[in-house]
Each structure stands twice: as structure tokens, then as C-alpha cells.
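Asks: Okay, here's what each chain looks like letter by letter:
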Amino acid sequence: MANDSQASNGGPSLDGDGRALNRLMGIVASSAADGRARCDVEATGDEATPSTFAITTAVDIALVRAASTTVAPPEEMNGTAELNVSYLRTPTSTAHVSCEVIGRSATSRLVEFAVADDAGEFARGRSTYAVRVRRSS
Amino acid sequence: MTVAAPSEALVREWEARPLLHGLGVTVVELGSGHACLEMARNSTNVSGVRDSINGGVQATVGEIAAHLAISTLLEPGERIEQTQDLSISYLYSARAAVTLIEARVLRHGRLTVVDVEVRVGDDGDDAGQMNAKARVTCALGRDRS
Chain B
-10 MANDSQASNG GPSLDGDGRA LNRLMGIVAS SAADGRARCD VEATGDEATP
40 STFAITTAVD IALVRAASTT VAPPEEMNGT AELNVSYLRT PTSTAHVSCE
90 VIGRSATSRL VEFAVADDAG EFARGRSTYA VRVRRSS
Chain E
564 MTVAAPSEAL VREWEARPLL HGLGVTVVEL GSGHACLEMA RNSTNVSGVR
614 DSINGGVQAT VGEIAAHLAI STLLEPGERI EQTQDLSISY LYSARAAVTL
664 IEARVLRHGR LTVVDVEVRV GDDGDDAGQM NAKARVTCAL GRDRS
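In the order they appear, the protein sequences are chains B and E. -10 is the number of the first residue of the first sequence in our numbering; add one for each residue after it. 564 is the number of the first residue of the second sequence in our numbering; add one for each residue after it.
Rather than coming from a laboratory, the hints here were simulated on the basis of the structure. Careful, some of the hints might be misleading.
What the hints assert, rightly or not - Computed footprint of chain B on chain E; a stretch qualifies when at least three of its residues, placed anywhere within it, have a C-beta under 8 Å from a C-beta of chain B:
#1 575 to 585
#2 600 to 610
#3 620 to 633
#4 644 to 657
Ideal placement from N, C-alpha and C gives every residue a C-beta, glycine not left out.
Please take these sequences and the hints and turn them into a complete structure.
Replies: Structural data, given as C-alpha cells:
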């Protein structure tokens, strides 16, 4: 179950192979620690504002980073299981994604997030991120 | 797969977008309230230890497929204002060489609801296996004349 969104060390996908994706989407990482993570989404190409298409990916990347800061051996990252995002309006400037782990269990992390631009918050959502315990070999 | 003539301009317009090109996405089928996209694995859409398609990318391409399916139903002067809500459940890691993203409009109105499925597009034992299931709701509006 679940989808893999993390790098080979079980950490976030903003590093390594994720760079091309971030460039394409205009995603810029800013911080991740203590169950929280932030990233920005800038307009790309001819677009005047970031698209919800890019924000959807950015939200997943940021929530994985937030979850990763709460996972330590013998637990390991297992992928996003559920993602829900609701938009109140489209962004009018660079979008700022803020994620926070608000709950945890042996199998998951519950992450809430908000997305804002210069005019204020325009989207909110929640995700369940799956974790598992590494089997000893 | 054949694309009906009235849809050709729509397909060209969407496939010209850098986002679709970068993600390796092409439109393989387009009909009334229905769109099927194909995503080939590439160095941009794969980022994970198990070589899976990034989950955010699956959600994004699902959203794109939903917009495309809705676009086939728009009347003159009508447009998609915004995605209102997107929910996606991930079932199995998407590791196929080709992933199919299929969108079907369930309800067309001021709020239009679209069902999206992400499936394995390769031939083989897991052909057609569902990787993810999404529901996209979009707000439609009319141009002021």
C-alpha cells in the first residue's frame, strides 16, 4: 500500500532525483524540522501565478518532509496513503506551503497543511502518511 | 488510439504545456467527459527509493486529466475557474514503465465532479492494476461578455 515519495535514505524527495521535478514545478524547499516543513511554489514559464497542478505536487513533497522528521529506526517511511486538498481560490502570487504532523501511530503520521500567498490562506488539507517497522535481517 | 477531430486542438493545446512535456505525459484518448493520459517513466516523475512515480505527480496528473475531461464538455463562454477539491488514495506504488491516468466526469455543473484512476499501463501480470484512485471537484464559471 501507499505511494513512495521519499529518497533512498527514507527522507524527503526534495533532494537528489527530485531536483528536476522541483525545477519543472517551481518548487523551492525552505525548511523541515520537528514535524514541520515548508516549501514555496513559484510561477514557471509564461504563467503569472503558480498553478494548482504544481501546488498539488508541492504539498505532497512538503508533507513527506514533515513526516520524515518524525520517523527514526526501526521505523521507516512507507509512502503517502491519503491526500486531500481543498482550495478556496487560486493563488495570486508565490504560494507558501506549511505542513505539520498533528498525530502519529505505529503505522501512520497525520499531517495537516495550509497554503497561503501574499493575500492570505487559500488552501487547506490533510494527509495520512504510512510508516512501517523495518524487519531485521 | 484515434482522437476525434474536434478534440485535436484541445490535445495540441494541452500537450504544448511544458508541465506535461516535462512529466512525460501524452493524451491517448479524449471523448465527451472522458480523458485518458499516458505517463512514461522519466528522470523527472520518478523520485523514490522503490523507483516509483512521485505521489504528488500522480495527484497532479490526475488533476490535469480531470481538467482535460471537463474541457470536452465546456460550452462556449464556459471555463474552469479552479480546482475546488482533490482527494486521492494511494493503493500500490506506481513503478510501471507506462502509467495510465483515466478521468471521467461524474457530474457536470457549477461544481463538476470527476473520477480519476491511476493504473499500470504496461503489458504483463500487473497490467491494469490500480495504483491510485482520486476524486477531483472543479468550479466552473462563465466569461463576462
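Asks: Please verify the coverage claim for the region 620 to 633 of chain E: does it have three or more residues whose C-beta sits within 8 Å of some C-beta in chain B?
Replies: holds (count 6)
Asks: If you look at each residue in the region 644 to 657 of chain E, do at least three have a Cβ nearer than 8 Å to any Cβ of chain B?
Replies: n = 14 at 8 Å, threshold three: holds.
Asks: Three residues or more, CB to CB closer than 8 Å: is that satisfied between the region 600 to 610 of chain E and chain B?
Replies: That given contact holds, which follows from 5 residues of the region 600 to 610 of chain E lying within Cβ reach (below 8 Å) of chain B.
Asks: Check, residue by residue, whether the region 575 to 585 of chain E contains three or more positions whose beta-carbon lies closer than 8 Å to a beta-carbon of chain B, and give the verdict.
Replies: holds (count 3)
Hint compliance for this structure: every hint is met.
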